[in-house]
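There are 2 protein chains.
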Amino acid sequence: MADNLFADGCAFIDEEYIPIAEARIPILDTGFLRSDVTYDVVAVWNGKFFRLEDHLNRLEKGWNRLRMKPNVGKEEIREILFECVRRSGLRNAYVEMIMSRGIDEHGSRDPRRFSNKFYAYAIPYIWIVKPEDQEPGIHLVIAEKAIRIPATAVDPTIKNFHWGDLTRGLYEAYDRGGYTAVLPDSDGHITEGPGFNVFVYHEGTLITPASGVLEGITRRTVLELAETLGIPAELSEFGADVLKEADEVFITSTAGGIMPVAKINGKTIGTGKPGKITTLIRKRYWEAHDENQWTTPVEYT
Amino acid sequence: MADNLFADGCAFIDEEYIPIAEARIPILDTGFLRSDVTYDVVAVWNGKFFRLEDHLNRLEKGWNRLRMKPNVGKEEIREILFECVRRSGLRNAYVEMIMSRGIDEHGSRDPRRFSNKFYAYAIPYIWIVKPEDQEPGIHLVIAEKAIRIPATAVDPTIKNFHWGDLTRGLYEAYDRGGYTAVLPDSDGHITEGPGFNVFVYHEGTLITPASGVLEGITRRTVLELAETLGIPAELSEFGADVLKEADEVFITSTAGGIMPVAKINGKTIGTGKPGKITTLIRKRYWEAHDENQWTTPVEYT
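For the record, the sequence lines run as chains A and B. Letter by letter, the first sequence follows residues 5 to 305 in my numbering. Letter by letter, the second sequence follows residues 5 to 305 in my numbering.
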């Protein structure tokens with residue numbers, strides 16, 4: 005495969021498959037100039053897509069709610085994603101699909117008249133928290149200098165690139181010696197961080213924020229696995245106090261799975277090592293990546 | 005000039021000048037994938053830049069506050085903008101400059117390590133409200149389905165592409181028969197709309213929102229012109245009631261100047277025609293585009 009031009013990744017742009025290093029989008033695309041876009045990321049693990057239909061369904065729901073009218077549908081997108089992965093040859097991949105409002109092709113500023121554009125790419129799997137940093141667990145900071153964009157402004161359940169607040173949180177985390185940050189809302193309720201949902205195991209129950217957050221597929225997987233494992237779980241609002249007092253804390257993302265938190269704002273959580281519940285769910289999460297009910301294999305050539 | 009490849013616009017990307025139709029940015033740029041970017045737009049009118057230094061200063065302030073460390077500075081950017089306009093031959097141009105966090109070139113997700121990227125382009129002048137629609141005045145809708153992203157989440161004084169809320173407002177305006185929308189904040193105070201600030205002339209004073217908005221250069225120009233014209237003006241919070249009761253309302257943007265509003269939520273403002281104060285300031289605004297103290301001529305070849 006040394007001569008595979010797509011070995012570092014393969015993108016799909018304007019009906020063409022392109023090596024990732026050369027993949028470019030029009031500078032005038034309002035997906036860039038207005039961040040008028042919804043996207044999704046699905047993982048390929050050991051040559052199999054994980055929960056592909058759930059990711060495709062969320063993307064479709066998002067573009068419908070943004071009132072886009074793309075000229076591709078889920079069937080074609082599914083084929084494109086398979087082709088991106090197949091060409092790259094990647095067995096573990098981070099596969100992104102992007103639906104953009106696109107470009108004004110009629111001399112208008114009216115987004116209803118734009119030609120929506122679909123982009124996709126497969127690159128090597130990305131870890132928000134690298135495997136070697138997951139074992140000790142990370143230091144999570146509760147941002148004080150930024151709140152999460154409220155759902156009344158931008159709906160977080162339509163997965164989007166409005167990350168200005170999350171990036172502010174990330175810089176604050178670095179300044180305070182943290183690995184990453186979670187943001188509160190204007191009422192002080194915990195929401196989410198740059199690319200992840202958050203869970204606490206507190207007083208015998210697994211809790212994740214009910215609203216103001218992306219309804220993550222990994223988050224959903226955790227809730228489903230908890231049910232099969234007999235672990236009580238609920239969606240609920242909670243503040244910084246619960247996060248700090250929790251027995252266990254972990255963050256979840258397609259980019260890294262179930263990632264243990266060892267410290268919050270400099271204070272050790274539980275034993276300071278990945279807890280029992282976290283470890284159990286993480287184990288089941290990765291096992292699920294090889295189980296037929298969750299996965300769709302790629303046919304590599 | 006019929007054979008000028010840049011006649012429709014000229015972009016600057018990766019040290020090259022490119023016809024706008026071919027101008028593309030890397031799909032992996034976090035300016036796109038995280039909207040991690042600040043930008044500015046300056047007008048060229050009758051062959052002269054308007055308030056170029058003010059726009060350059062705002063861009064520089066923005067990238068510093070985002071803690072970017074670009075390898076170009078204001079001096080080089082100024083030269084690039086002149087060259088984009090010069091190559092295009094455009095006498096009336098919309099000139100955009102974009103500073104993006106750029107691309108991870110070290111296999112890291114840490115934005116501190118990214119190589120920031122500068123992009124620019126000049127295209128024909130854009131009107132948020134077309135001249136023929138400015139004479140009767142537009143129908144402005146006060147959005148009810150979206151609030152403006154609060155400054156505590158994303159700072160609106162760092163000019164940015166987080167337009168999800170503004171685009172929601174725009175669709176709501178269309179649904180309600182409006183031309184465009186202005187968004188309230190969570191307390192019901194009026195903020196701004198997609199690409200513009202708003203002014204009311206109410207009880208003998210010109211008022212524009214004090215906070216939660218971009219500190220627009222056209223907004224500043226209006227305030228400075230009002231002072232020279234002896235029109236009382238102030239920055240203040242106000243709600244939908246003041247907007248509806250005002251004697252005159254107009255919106256301001258580099259993309260269209262001073263644009264009269266004739267109706268708010270279907271109700272006529274003042275006489276229903278551009279008011280005296282609006283007309284006076286608009287006249288002075290366009291005159292200023294030919295005055296030496298505000299302008300910098302382009303040397304076309």
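Keep in mind the hints are simulated off the structure, nothing from the lab. Possibly wrong hints are sitting among the right ones.
Identical copies carry no separate label here, and so any pair may be met within one copy or between two of them.
Lysine-lysine pairs mimicking DSBU-like chemistry, simulated, CA-CA at most 35 Å apart [claimed, not checked]:
hint, residue 1, residue 2
1, K78, K248
2, K271, K73
3, K280, K73
4, K277, K65
5, K65, K149
6, K134, K73
Q: Have a look at K134 and K73 and pick one of within, between, both or neither, based on CA distance no larger than 35 Å.
A: Between copies only: 26 Å across, 38 Å inside.
Q. How would you label the pair K78, K248 (within, between, both, or neither) given a Cα cut-off of 35 Å?
A. So K78 and K248 fail the 35 Å test inside a copy (42 Å) and across (45 Å) alike.
Q. Between the shortest in-copy and the shortest cross-copy C-alpha distance, which are at most 35 Å for K280 and K73: within, between, both, or neither?
A. neither (46 Å within a copy, 43 Å between copies)
Q | 35 Å Cα threshold - placement of K73 relative to K271 | A | Cα proximity of K271 and K73: across copies only (32 Å, versus 49 Å in one copy).
Q | Intra/inter-copy verdict for K277 and K65 if alpha-carbon distance must be at most 35 Å | A | This pair counts as neither: shortest intra-copy Cα distance 38 Å, inter-copy 42 Å.
Q: Using 35 Å as the alpha carbon limit, work out where K65 and K149 are close: within a copy, between copies, both or neither.
A: So K65 and K149 pass the 35 Å test inside a copy (32 Å) and across (19 Å) alike.
In the structure shown, a violation is registered for the earlier hints numbered 1, 3, 4, in ascending order.
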